[in-house]
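Asker: One line per chain: the protein sequences are D and A, in this order. Take the first sequence: its letters are residues 237 to 716, numbered as in the working numbering. Take the second sequence: its letters are residues 311 to 420, numbered as in the working numbering.
Mixed in with the good hints there might be a few duds.
Claimed, not checked - Label-pair ranges, simulated between beta-carbon atoms:
1) A:Ile417 with D:Lys590: 18 to 26 Å
2) D:Asp364 with A:Ile417: 54 to 62 Å
3) A:Lys362 with D:Arg433: 45 to 53 Å
Said to hold, decoys possible - Computed from the model, here is a short list of chain A residues facing chain D with C-beta under 7 Å:
4) Val313
5) Glu317
6) Val336
7) Ala337
8) Thr338
9) Asn345
10) Asn346
11) Arg350
12) Pro368
13) Leu395
14) Gly400
15) Gln401
16) Asn405
17) Ile409
18) Thr412
19) Glu415
Stated by the list, open to error - Below are the DSS-like pairs computed for lysine-lysine, each with C-alpha atoms no more than 27 Å apart in a straight line:
20) D:Lys652 with D:Lys297
21) D:Lys472 with A:Lys362
22) D:Lys709 with D:Lys337
23) A:Lys351 with D:Lys472
24) D:Lys324 with D:Lys629
25) A:Lys366 with D:Lys472
26) A:Lys397 with A:Lys362
27) A:Lys397 with D:Lys472
28) D:Lys297 with D:Lys323
29) A:Lys366 with A:Lys351
30) D:Lys328 with D:Lys629
31) D:Lys709 with D:Lys351
Calculated directly from the structure, the hints in this document are not laboratory data. Note that the structure is predicted; figures quoted are calculated from it, not measured. We put the beta carbon where it would ideally sit given N, CA and C, even for glycine.
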Amino acid sequence: MSIDANHRPCLPTRREMLSRAGGGFGSLALAGLLSDQGLLANAGTSALSPLAARPAHFAPKAKSVIFLFMYGGPSHIDLFDHKPALKKFAGKKVSESVDTKGARSSGGLFPSPYKFERHGESGHWVSDRYPNLARVIDKTAMLRGVYGHSISHAPALFELNTGQIRTGFPSLGSWVTYGLGSHNQDLPGFVVMYDYRGGPIGGAPNWGSGFLPGAFQGTPVRSKGTPILNLSRPGKLDQDSQRQLLDYAAHLNRDHRERHPAEAALEARIESFELAYRMQAAAPEALDLKSESEGTRKLYGIERGKPGQYFGTQCLMARRLVERGVRFVQLYSGGGHGDNNWDAHGSITGNHNKHCAATDQPMAGLLEDLEQRGLLDETLVVWGGEFGRTPQKQGGGGRDHHPFGFTMWMAGGGIKGGTSYGETDEVGYHAAIDRTSVHDVHATILHLMGMDHERLTYHFSGRDFRLTDVAGKVIDKVIA
Amino acid sequence: MRVPFFETFDVPDAMTSRGVREKTTVATQALLLMNNEFVRKQAELFAARLAKLEDKTPRATIEEAYWLTLSRKPTERELELSLELLKSEGQSIANFCHILFTLNEFIYVD
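If we strip away everything but chain D, and leave its shape as in the complex, we get:
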C-alpha cells in the first residue's frame, strides 16, 4: 500500500485498487471493442460530444422540427374538422349512435359556433377563428383522424410527447437529438419554450429524456424574463474573471483526468463547461429579437397589446433557433390552469376566441417567414394538442376532453402541402377512416428526419426500446 503524503487517508483510491487488480484496463478495452463493432446500443453517440451531428439512417427531408403544442386540448370541431351534421343533430344525445367509451360528457350534440369555409387550392376546411392561417393553409397536411388513449391532460400530454401515457419515457425531441445530434454546438439541441403563463401539467417529463442520456433532455427556455436559467453571471463575477477561473479549473481538471484515464465522463464534464461558457454568449444572441426588423415582428404579430405578441415572440425565437442549427424546438401555447390554456370546459367562444387570436398571426407568420428565408423545406412544423374536444356541449357552451378523434397538422420539411389523411365520423366523435395513432405521427416525424422508427432504439431494462414501442406506421400519403 502506498503512502501518499498529499492524502490524509493513506489508502489507495478505488480506481487505484481497480487498476492494480487489472480490471480497469480490461473492461475499458472490452467497451472499446464492443463499441467499435456497434454492439453497444448507443454506440452512435459519443460520450464526449453527445450533441455532435450524426448521419441519419437515410437522406432526411427535414433538418429541424418546430412543434407547436396547443396545451389544454384545442377543439378539432371548431377549428379544422367541419361537421355540418352537428346542426342536424343539435341537442341530441350522442350515446344513441356512438359508443362513447364511457366518456363523461352527457350534454347534447353542439354545432360549432364558428363559420367554416374551404380555403386555398387544397380546399382545407378552416373556421373563421384562423383567418391568417387560412391564407397559408395549402402548406399544411391535415391529419383529421388522430386518436389518443387518455381523457386526462397529463397522460395525454405524455402520450403525444413520448408515445406512452405513463411518465419515464424519452420525449420525441430527445429521441430526435439522440438519433441525429445537433448542428449547433453552442446551443442545446432540444429547446422547449413554454407559455408565459406557466408550463403544462406534468412538467418536465414532457420534454424529459427518460432512460436516454440526460444530454438529450429538452432545455426549457422561458418566453418572458431570462430565457435560459443561470445564463447570466452572478453580480460579483465579470466575464474576464470567469474565463480566468475556468482556465484555472481546466488546468486542474486535465491533471485530474490524467490520473483517471478510464473515465470518459471527466472529459465530457470539461467539455460541458466550455459549452456552458459559449452558451452565455450564443444563447442571448439567438434569443434576442432586437435585430429583427419591424416588418418581421409584425409578420409574427408581435405588437404590444396585440393578441399575438407572446406566441409570436416564441415563434420568432423558434425560427432564430432552427436557423442556428438547433435540432428540435417545442413551443407551448397555453399554460397554467383553466382558460389560460385551451381547456374550454365552460365556453368554446370564451376560450378559443382568445387562444386562436393569440396563435393565428404567429403561426401564419412563422410559415411565411420560414418560406421566405428558404427554411421551410428543411423545417418540419407540427401542430397539435394532447386531445380534441367533445362534439357534445358541456356546461353553457363548452366542450370536454376528447381523445377518440382529433386533428393535427404538419407543414414544411418533406410534407406534401394541401394533402390530408384520416377522418372522424359524421359528428366528429371517433377517428373513423385511416385512424392515426400517436405512434403513426411519431413514425412519420422520424421518417421525415431521415430515421427509421423501427431502427432508432436504445437498450434499457433488458430490451431495446423505441419511441413507437412495437407499433407505428409512416403516413406516406402526406409526404412529398
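Using the hints provided, position chain A relative to the given structure of chain D.
Answerer: This is chain A only, laid out in the frame that chain D set:
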C-alpha cells in the same frame, strides 16, 4: 415538478420506479455551478470561513481550501496557479472558492 436544482442533476421522477439513477453531464449543470446564486452564496460562505484562519497568508488560505474541498494539500503547481489566480485583478477568495466547487475532483468522489 421536481426542484430545478435537483432536476438539472437528474433526480428521478418520483412517479415511477427507477432501477438506476441517470448520470448525465450537460451544459445546463455547468451553467448552474458557474452562475447559480445558491452556489455563489455557498462560495461566499466558504470564503468567510477561510477568512477566520489565524494565518491570513494566501498560501495558508489556499492550502486550507484544498484540504476542505479535496481532502489533500495542493501540489506545488496547483499552489503556483492558485497564487497567480488570487493576485489577478478582479479575482477574490470567493471566486477561488467558487471554482473549487466546480472541479471534477470535487464532484466525483474516488
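Asker: Compare the structure with each hint and give your call.
Answerer: Hint check results:
1. A:Ile417 with D:Lys590: 18 to 26 Å: Since A:Ile417 and D:Lys590 have Cβ atoms about 47 Å apart, the given range 18 to 26 Å is violated.
2. D:Asp364 with A:Ile417: 54 to 62 Å: Cβ of D:Asp364 to Cβ of A:Ile417: about 57 Å, so the range 54 to 62 Å holds.
3. A:Lys362 with D:Arg433: 45 to 53 Å: 47 Å Cβ-Cβ, so the 45 to 53 Å window holds.
4. Val313: 11 Å, violated
5. Glu317: Cβ of A:Glu317 sits 6 Å from chain D, so the hint holds.
6. Val336: 5 Å, holds
7. Ala337: Since chain D brings a Cβ to about 4 Å from A:Ala337, closer than 7 Å, the hint holds.
8. Thr338: 6 Å, holds
9. Asn345: 4 Å, holds
10. Asn346: 5 Å, holds
11. Arg350: 4 Å, holds
12. Pro368: 14 Å, violated
13. Leu395: Since the shortest Cβ distance to chain D is 5 Å, the answer is holds.
14. Gly400: 4 Å, holds
15. Gln401: 6 Å, holds
16. Asn405: 6 Å, holds
17. Ile409: Holds. Min distance 4 Å.
18. Thr412: Holds - the Cβ of A:Thr412 comes within 7 Å of chain D, reaching about 6 Å at its closest.
19. Glu415: 5 Å, holds
20. D:Lys652 with D:Lys297: Holds. D:Lys652 to D:Lys297 sits at ~11 Å (cutoff 27 Å).
21. D:Lys472 with A:Lys362: 21 Å, holds
22. D:Lys709 with D:Lys337: 25 Å, holds
23. A:Lys351 with D:Lys472: 11 Å, holds
24. D:Lys324 with D:Lys629: Roughly 15 Å between the alpha carbons, so the hint for D:Lys324 and D:Lys629 holds.
25. A:Lys366 with D:Lys472: Judged against 27 Å, a Cα distance of about 22 Å means the pair holds.
26. A:Lys397 with A:Lys362: Holds, at about 20 Å.
27. A:Lys397 with D:Lys472: 17 Å, holds
28. D:Lys297 with D:Lys323: Given pair D:Lys297, D:Lys323 is violated - Cα atoms ~42 Å apart, limit 27 Å.
29. A:Lys366 with A:Lys351: The hint holds at about 22 Å.
30. D:Lys328 with D:Lys629: Roughly 10 Å separates the two Cα atoms, so the pair holds.
31. D:Lys709 with D:Lys351: 34 Å, violated
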